[in-house]
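Student: Take the sequence shown: its position 93, counting from 1, is numbered 93 in the numbering used here, and each next residue is one higher.
Just so you know, the hints here were simulated from the structure itself, not pulled from any lab data.
Please note that a few of the clues may not be correct.
Result set (DSS-like, lysine-lysine): computed pairs, CA atoms no more than 30 Å apart in a straight line [claimed, not checked]:
id, residue 1, residue 2
1, LYS31, LYS318
2, LYS370, LYS82
3, LYS31, LYS176
4, LYS329, LYS318
5, LYS211, LYS28
6, LYS176, LYS329
7, LYS108, LYS60
8, LYS370, LYS108
Listed next, with one range per pair, are the computed distances between beta-carbon atoms [stated by the list, open to error]:
id, residue 1, residue 2, range
9, LEU167, PRO62, 38 to 48 Å
10, SER33, GLU314, 17 to 27 Å
11, LYS318, ARG204, 16 to 26 Å
12, PRO371, LYS318, 32 to 42 Å
13, LEU100, ARG188, 33 to 43 Å
14, ILE269, ASP333, 47 to 57 Å
15, GLN259, LEU24, 14 to 24 Å
Think of the CB as a built atom: it goes at the ideal place given N, C-alpha and C, for glycine as much as any other residue.
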Amino acid sequence: MSLSRHLLIQYSIIIYMEFTELTLVEFKQAKFSSNNFLQASEMYQRYQDLGRESYLVGLKNPEGQILAAGLILGRPWHFGRKCFRIAGGWLMDYNADNHLDVLKAITKGAREFCRQKKAIVLTVMPKIVREVTDRQDTVPEEDHQHTELQSEFEQLGYKYLGEFEQLKWHYQLYLKGRQPDELFASFREGHRRQIRKAQKLQIRLREVDAKDAELFKSIVAETGERQKFQDPPAEYYSSMKRRFGNHARLMIAEIPADQLPEDDQATAIDGYVPTTAAMFLYDDNELSYLYGGSIRKFQKYGGAHLLQWSMIQEAIKKGYDNYNFYGVKPFADNGVYIFKQGFRGHVEELVGTFALPIGLLGKLYVSRLKPLKFRDVN
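With these hints in hand, go ahead and build the complete structure from the sequences.
Tutor: Here is the structure:
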């Protein structure tokens with residue numbers, strides 16, 4: 001094939017990509033390895049329930065095939081202007097040979113779309129792994145890593161913001177080809193001991209519903225205050241449960257009241273005292289542990305360890321390759337990191353947050369945003 005014909009074909013491919021709003025049905029049909037719950041149709045419906053400005057957009061080829069998609073969430077700024085964001089990033093095939101063309105086309109379309117909607121910035125947080133930094137079990141496949149993606153976004157006019165608005169580090173346990181006994185044996189000895197202790201104490205695991213969101217939040221909030229992370233309001237848990245249904249699970253670990261000193265039995269419900277709460281979510285690619293916490297004086301009974309182990313086994317049973325412990329700050333003095341690390345997974349560094357300025361006001365706004373590193377984030 002001649003060079004001129006090759007360039008013509010490439011040019012034609014780019015020209016005939018059409019940026020458009022998608023229906024809910026079309027958005028559901030967009031299936032990529034980058035799919036994640038932040039970019040799920042249920043999340044769009046949840047935003048609609050809450051009265052938040054949100055849009056489903058995508059990029060189609062001449063045959064109507066969806067090459068990329070995104071759920072855009074808006075919030076008011078000043079002077080009638082808005083800030084838009086895509087938590088979870090563009091859904092597309094980042095390993096395809098033409099992925100840069102696709103990214104370029106959807107960026108161009110999104111810039112014009114945002115301008116028409118009076119937005120000054122589009123912030124994109126891809127749930128894409130830049131690299132794996134803490135290998136402790138099975139080494140992941142190469143397509144887990146995308147070290148070049150930052151420069152590709154920057155070439156298209158995005159500003160790199162690092163940790164801005166989204167924690168850049170996840171703790172991931174790879175399950176593919178592994179058996180429960182093997183996994184359990186790989187855990188830190190202290191974690192195995194806590195799981196056995198919880199089983200001996202007959203700690204039970206109970207799933208609660210949206211109506212129990214306040215109880216759930218009260219447990220997580222105690223840990224949030226201690227570990228200095230911002231836990232969401234009770235409405236977050238209840239709204240997620242309503243829209244994601246069985247794919248969102250609010251789990252509580254409870255110890256029989258008769259296993260506790262009398263002074264600690266006051267909060268018993270039907271003979272059990274809640275000690276630990278954790279929210280899990282199933283999506284197309286993984287089972288994720290999103291939020292959780294334990295009441296400090298009950299931590300020694302191992303409810304948190306047992307709950308995680310139970311859900312890891314559930315992920316294996318359902319055929320998931322990944323169990324995502326979600327956000328961590330990977331340094332030695334962070335308690336959440338130490339807890340998750342005991343399950344012997346990997347630290348995954350995501351590519352980070354990018355801001356696309358819209359118009360002159362957007363350029364001024366974005367120019368004042370400073371990139372953050374994880375030690376700069378409270």
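Student: Give a verdict on every hint.
Tutor: Going down the list of hints, with the structure as the test:
1. LYS31 <-> LYS318: 19 Å, holds
2. LYS370 <-> LYS82: This hinted pair holds, its Cα atoms lying about 19 Å apart.
3. LYS31 <-> LYS176: Since the Cα atoms of LYS31 and LYS176 sit roughly 21 Å apart, the hinted pair holds (cutoff 30 Å).
4. LYS329 <-> LYS318: Holds, at roughly 29 Å.
5. LYS211 <-> LYS28: 28 Å, holds
6. LYS176 <-> LYS329: 25 Å, holds
7. LYS108 <-> LYS60: Holds: LYS108 and LYS60 sit about 14 Å apart, inside 30 Å.
8. LYS370 <-> LYS108: Distance of about 24 Å is within 30 Å: holds.
9. LEU167 <-> PRO62: 38 to 48 Å: 39 Å, holds
10. SER33 <-> GLU314: 17 to 27 Å: For SER33 and GLU314 the Cβ distance comes to about 22 Å; the hint holds.
11. LYS318 <-> ARG204: 16 to 26 Å: Distance hint for LYS318, ARG204 holds at roughly 21 Å.
12. PRO371 <-> LYS318: 32 to 42 Å: 38 Å, holds
13. LEU100 <-> ARG188: 33 to 43 Å: Check passed, 42 Å falls within 33 to 43 Å.
14. ILE269 <-> ASP333: 47 to 57 Å: 35 Å, violated
15. GLN259 <-> LEU24: 14 to 24 Å: At 48 Å between Cβs, range violated.
The structure fails to meet hints 14, 15 from the earlier list, while all remaining hints are met.
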